[in-house]
Amino acid sequence: MNDFPINNAALNSLTNHKAPQLNININISYQQFDLAIALPIPLKGITGIFGHSASGKSTLLRAIAGLETTLTGEITLVDTSLISKRLVSKTLVNSEQGIYLKPEQRQVGLVFQNSRLFSHLTVLGNLEYAVKRCKNSRLSLAEVIKLTELSALLDQEVNQLSGGQQQRVALARAILAEPKLLLLDEPLSALDRHSKIQLLKMMLNIQKQLSLPMLYVSHSLDELQQVCDTLLVLAQGKVVSFGNIHHVIHQLNNNPECDLIQQQTSLSLPIKTFNNGHGLTALALNAQQDIFLSCDQAFEQQTQLRCFILASDISIILTEPTNSSIVNHLFGTIKQINPQQNNVLLTVICGSQDFFVTISAFSQQKLSLTLRQQVYLQFKASAVRTFIH
Amino acid sequence: MINSDLQALITTLEMATLTTIILLLIGTPLAWYLAKMTSRFKVIIEAVVALPLVLPPTVLGFYLLIAFSPEYLPGQMWQQATGQQLAFSFSAIVIGSVLYSLPFVVQPLQKAFEQLGDSLLEAGALLGAGPIDRFFTIVLPLTKASFITAASLGFAHTVGEFGIILMIGGNIPGETRVLSIALFDHVEAFDYARAHLLSISLLISSMVLLAAIYWLNLPKRNKPKDLTVNTKREEQSADE
Numbered sequence: 001m002n003d004f005p006i007n008n009a010a011l012n013s014l015t016n017h018k019a020p021q022l023n024i025n026i027n028i029s030y031q032q033f034d035l036a037i038a039l040p041i042p043l044k045g046i047t048g049i050f051g052h053s054a055s056g057k058s059t060l061l062r063a064i065a066g067l068e069t070t071l072t073g074e075i076t077l078v079d080t081s082l083i084s085k086r087l088v089s090k091t092l093v094n095s096e097q098g099i100y101l102k103p104e105q106r107q108v109g110l111v112f113q114n115s116r117l118f119s120h121l122t123v124l125g126n127l128e129y130a131v132k133r134c135k136n137s138r139l140s141l142a143e144v145i146k147l148t149e150l151s152a153l154l155d156q157e158v159n160q161l162s163g164g165q166q167q168r169v170a171l172a173r174a175i176l177a178e179p180k181l182l183l184l185d186e187p188l189s190a191l192d193r194h195s196k197i198q199l200l201k202m203m204l205n206i207q208k209q210l211s212l213p214m215l216y217v218s219h220s221l222d223e224l225q226q227v228c229d230t231l232l233v234l235a236q237g238k239v240v241s242f243g244n245i246h247h248v249i250h251q252l253n254n255n256p257e258c259d260l261i262q263q264q265t266s267l268s269l270p271i272k273t274f275n276n277g278h279g280l281t282a283l284a285l286n287a288q289q290d291i292f293l294s295c296d297q298a299f300e301q302q303t304q305l306r307c308f309i310l311a312s313d314i315s316i317i318l319t320e321p322t323n324s325s326i327v328n329h330l331f332g333t334i335k336q337i338n339p340q341q342n343n344v345l346l347t348v349i350c351g352s353q354d355f356f357v358t359i360s361a362f363s364q365q366k367l368s369l370t371l372r373q374q375v376y377l378q379f380k381a382s383a384v385r386t387f388i389h
Numbered sequence: 001m002i003n004s005d006l007q008a009l010i011t012t013l014e015m016a017t018l019t020t021i022i023l024l025l026i027g028t029p030l031a032w033y034l035a036k037m038t039s040r041f042k043v044i045i046e047a048v049v050a051l052p053l054v055l056p057p058t059v060l061g062f063y064l065l066i067a068f069s070p071e072y073l074p075g076q077m078w079q080q081a082t083g084q085q086l087a088f089s090f091s092a093i094v095i096g097s098v099l100y101s102l103p104f105v106v107q108p109l110q111k112a113f114e115q116l117g118d119s120l121l122e123a124g125a126l127l128g129a130g131p132i133d134r135f136f137t138i139v140l141p142l143t144k145a146s147f148i149t150a151a152s153l154g155f156a157h158t159v160g161e162f163g164i165i166l167m168i169g170g171n172i173p174g175e176t177r178v179l180s181i182a183l184f185d186h187v188e189a190f191d192y193a194r195a196h197l198l199s200i201s202l203l204i205s206s207m208v209l210l211a212a213i214y215w216l217n218l219p220k221r222n223k224p225k226d227l228t229v230n231t232k233r234e235e236q237s238a239d240e
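So the protein lines, in turn, are chains A and B.
For the first sequence, my numbering begins at 1 and goes up steadily by one.
For the second sequence, my numbering begins at 1 and goes up steadily by one.
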């Protein structure tokens, strides 16, 4: 089962059997496509599922939701019971025992790429459709309307809403069914950037407020990097990598076979100073070193910031630059040199944080860089990117 | 209208109403099954359903007449169950009408179910709605127009039937004598005044019925707006 690069200690810490989780061990075969996934996914926070089209990510979600009928294997959902407050294991599928729960029996929600609202009902009608069929009713309709900012739209016909509004209704409707697990299948891919950011923030907020675990499928790593704690990467129906999102992204940097992502350093850092008086926000990388980026009003309420720096945006300099307009200089040690065609991918460790830098093979020869050599990284404040702010 | 014509009108309406109800009960599951079916036998079933569209009604009537007669199994079984002969009865013309008008009900419903697709049903299932719940709360409201079309066409086509009824029903007043047959009788008897009266009333009522269907199926006023929203969204996703 562990034919993907993941160390066992990390796996054990992720798959604590005393915590809610989704155990998947399934095979799906189509004429031109095979999906084989065996993996326990901890149900905590937002878990991202990333891959190119036809990697099997939507098929996996459909299998969990019960919409994929031709599968073999087993899926079980281990979750805290509302009554006994203990962990209860619920088999969603077990092809050997002939168990196959229908979608309506699974308590799993799904928000589709195309919102799939009922056009014969108003916004409120769509929400009430879910409420009427929900068995526990822990959530109030008013609370969900507030969380998804729909109060002004309740009487509207769903066909008159914008794409972003439709997805908010779809999200609210899915939540009102009170699922134990919410699946999101590319919910943002048809939206403009403004609506994407709004909906991502909303998803994060809902996840925290309702402690509702989510599996979020996307082909945009930028979106996932902002909201997910754990990342599952699929390619051709197989697991490529799974674990802490920063670790997985860094692992993919060095994986030459799958050209899945833009090589980058993914960070989650505490905000040290919101505004240094010159329009820059300082993030604490370690006790000695800070990273600066352009200040944004949205950072003010936050203590922690997710950001990433593309490997191609960082350059190497052998002595500390003293008269440069580039604000970020970090001192570090070369840990790994990985030649890739005309470029070289360097892993440079600064304190305890790995940074990924691509330079041309030409520059590498010119500077004659070697392992354990001490160098300075430099990058502009604008190279430190965030998606949702 | 003369008394016997009035009786023919009542018989016609009774036959058409009963036929339409039976057709909706049989046609809906059949259309659903055909819409969801992927087997290669689908074309055969579709062809059988569509047969009355091309077959001369007298051919169908001839075979039904034989089947309904007491010498053959269907007729025998009917006689054993009800104690009455099936051929030349009101029941016979209802059964004949159901078969004859089947495509007029099944085809619009099948097309509507195919167009509706699975996406909204999947969404409904994930919100906890079971199959029957989904049928009444999603399928029925969204395909309402097609149900109206199917029922109206089934009804109107049954009212207009002639050949098949003549074959299996004969011309028994109060039992199997329907308007189209009464009209034929008047023409044969050179009673053109009564033939005119019947013809014009059938013509007008058919016209009114069809106009009503088309009016009910008119797109709602907000439809053009929907299209712009949808194309906008499609463009966006195409850009991605």
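Note that these hints are calculated values from the structure, not bench results.
Mixed in with the good hints there might be a few duds.
To be verified - Now the in silico label distances, taken between C-beta atoms and shown as ranges:
{"hint": "1", "chain 1": "A", "residue 1": "Q160", "chain 2": "B", "residue 2": "G130", "range": "24 to 32 angstroms"}
{"hint": "2", "chain 1": "A", "residue 1": "G98", "chain 2": "B", "residue 2": "V43", "range": "31 to 39 angstroms"}
{"hint": "3", "chain 1": "B", "residue 1": "T38", "chain 2": "A", "residue 2": "F274", "range": "54 to 62 angstroms"}
Unchecked claim - Listed below are several chain A residues computed to face chain B (Cβ distance under 8 angstroms; list not exhaustive):
{"hint": "4", "residue": "G98"}
{"hint": "5", "residue": "K102"}
{"hint": "6", "residue": "F118"}
{"hint": "7", "residue": "H120"}
{"hint": "8", "residue": "G125"}
{"hint": "9", "residue": "Y129"}
{"hint": "10", "residue": "R133"}
{"hint": "11", "residue": "C134"}
{"hint": "12", "residue": "R173"}
Keep in mind that this is a model prediction, so the values were computed, not measured.
From the three backbone atoms N, C-alpha and C, an ideal C-beta is built for every residue, glycine too.
Structure-based check of each hint:
| no. | hint | verdict |
| --- | --- | --- |
| 1 | Q160(A) - G130(B): 24 to 32 angstroms | 30 angstroms, holds |
| 2 | G98(A) - V43(B): 31 to 39 angstroms | 33 angstroms, holds |
| 3 | T38(B) - F274(A): 54 to 62 angstroms | 60 angstroms, holds |
| 4 | G98 | 20 angstroms, violated |
| 5 | K102 | 7 angstroms, holds |
| 6 | F118 | 6 angstroms, holds |
| 7 | H120 | 4 angstroms, holds |
| 8 | G125 | 10 angstroms, violated |
| 9 | Y129 | 6 angstroms, holds |
| 10 | R133 | 4 angstroms, holds |
| 11 | C134 | 7 angstroms, holds |
| 12 | R173 | 7 angstroms, holds |
In summary, the numbered hints that this structure violates are 4 and 8.
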